[in-house]
Amino acid sequence: AQSVAQPEDQVNVAEGNPLTVKCTYSVSGNPYLFWYVQYPNRGLQFLLKYITGDNLVKGSYGFEAEFNKSQTSFHLKKPSALVSDSALYFCAVRPFNAGNNRKLIWGLGTSLAVNP
Amino acid sequence: NAGVMQNPRHLVRRRGQEARLRCSPMKGHSHVYWYRQLPEEGLKFMVYLQKENIIDESGMPKERFSAEFPKEGPSILRIQQVVRGDSAAYFCASSPGGSTEAFFGQGTRLTVV
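Taken in order, these protein sequences are the chains called A and B. Just so we're aligned, residue 6 is where the first sequence starts under our numbering, counting upward by one. Just so we're aligned, residue -13 is where the second sequence starts under our numbering, counting upward by one.
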C-alpha cells in the first residue's frame, strides 16, 4: 500500500538552530512531493513542492527540502529556526498515476516547537 | 482577498441527524476539494468539484455522503444519518485551476454524539 511516514510526532529545537522534519514515502513511480504547514487556528498553507529537476527545493519562509530518491525521503529543513516557525507540518505525496492533483497521500503531521 | 472560509468551525450532531458543511472558496477559484482527517490518520481526499460539476468523487463513501458546488454560493458537503465514525475534521481547499496549488480552509470539526 502506498503511504507517507513522518516518523516524529514532535520536534523540538532551540531558536537559531537548524531544524529538520523528516518524511519518507512508499509510492510507485516518480511522485510529486509537497510540504504544508498549519499554524494554530489557520488552514493548511503550501510551503514547497518537488516535481522534477534539482533535488534541493526552496520554499516559503526560508524552508527547503531535499528529495532523495534512493532513500525515498523528502526531509524539510531550515538553517536557522524561528519561534514563529512553531506549527504543525505535513508531508504529502501525489503518486504519478493519481489522476488528479488533489489525490495526495498525507503524512500524519509533525508538531514543531521552537524554543526561545 | 479573504482565504477559504469554512463554516461552521465546530459542529455537533446526534446519530441519525444530517450534517452540512460549507466551504466558500477564495475569490476567483472555481475548483474545490474536500478532505477528511480521521483521528490518528492523515488527510484523505474525498471529492474534487468544479462549478456545477463533480470531477472526481472516488474518495467519498458511496452511502450518505454527497457534495455539490453550485453556480452561486458555497460548496456543500452533506452527510446524512451521521454515525459516530463520521466524527472527524473536514477540510476544504480551493484553487483557480486544477494544476495549481490549493489553499486550505481552517476545517470543520464534526463530532457525532
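Honestly, I wouldn't trust all of these hints.
[Stated by the list, open to error] The calculated lysine to aspartate or glutamate pairs, modelled on EDC-like cross-linking and capped at a C-alpha distance of 20 Å, are: (1) A:Lys108 x B:Glu58; (2) A:Lys108 x B:Glu4; (3) A:Lys27 x B:Glu27; (4) B:Lys30 x B:Glu49; (5) A:Lys54 x B:Glu87.
[To be verified] With beta-carbon atoms standing in for the labels, derived distance ranges: (6) B:Glu54 x A:Gly58: 44 to 50 Å; (7) A:Pro23 x B:Val69: 43 to 49 Å; (8) A:Asn60 x B:Lys57: 28 to 34 Å; (9) B:Gln67 x A:Tyr44: 32 to 38 Å; (10) A:Pro23 x B:Gln67: 48 to 54 Å; (11) A:Pro23 x B:Glu54: 42 to 48 Å; (12) B:Gln36 x A:Pro12: 19 to 25 Å; (13) B:Glu54 x A:Asn60: 21 to 27 Å; (14) B:Arg70 x A:Asn120: 36 to 42 Å; (15) A:Asn22 x B:Lys57: 36 to 42 Å.
[To be verified] Stretches of chain A that chain B covers, calculated by requiring three or more beta carbons in the stretch to come under 8 Å of a beta carbon on chain B: (16) 70 to 84; (17) 109 to 115.
I should point out that these hints are in silico values taken from the structure, not numbers from a laboratory. We put the beta carbon where it would ideally sit given N, CA and C, even for glycine.
Here is how each hint holds up against the structure:
| no. | hint | result |
| --- | --- | --- |
| 1 | A:Lys108 x B:Glu58 | violated, 26 Å |
| 2 | A:Lys108 x B:Glu4 | violated, 26 Å |
| 3 | A:Lys27 x B:Glu27 | holds, 17 Å |
| 4 | B:Lys30 x B:Glu49 | holds, 17 Å |
| 5 | A:Lys54 x B:Glu87 | holds, 9 Å |
| 6 | B:Glu54 x A:Gly58: 44 to 50 Å | violated, 39 Å |
| 7 | A:Pro23 x B:Val69: 43 to 49 Å | holds, 46 Å |
| 8 | A:Asn60 x B:Lys57: 28 to 34 Å | violated, 44 Å |
| 9 | B:Gln67 x A:Tyr44: 32 to 38 Å | holds, 35 Å |
| 10 | A:Pro23 x B:Gln67: 48 to 54 Å | holds, 51 Å |
| 11 | A:Pro23 x B:Glu54: 42 to 48 Å | holds, 47 Å |
| 12 | B:Gln36 x A:Pro12: 19 to 25 Å | violated, 37 Å |
| 13 | B:Glu54 x A:Asn60: 21 to 27 Å | violated, 42 Å |
| 14 | B:Arg70 x A:Asn120: 36 to 42 Å | holds, 38 Å |
| 15 | A:Asn22 x B:Lys57: 36 to 42 Å | violated, 51 Å |
| 16 | 70 to 84 | violated (count 0) |
| 17 | 109 to 115 | holds (count 6) |
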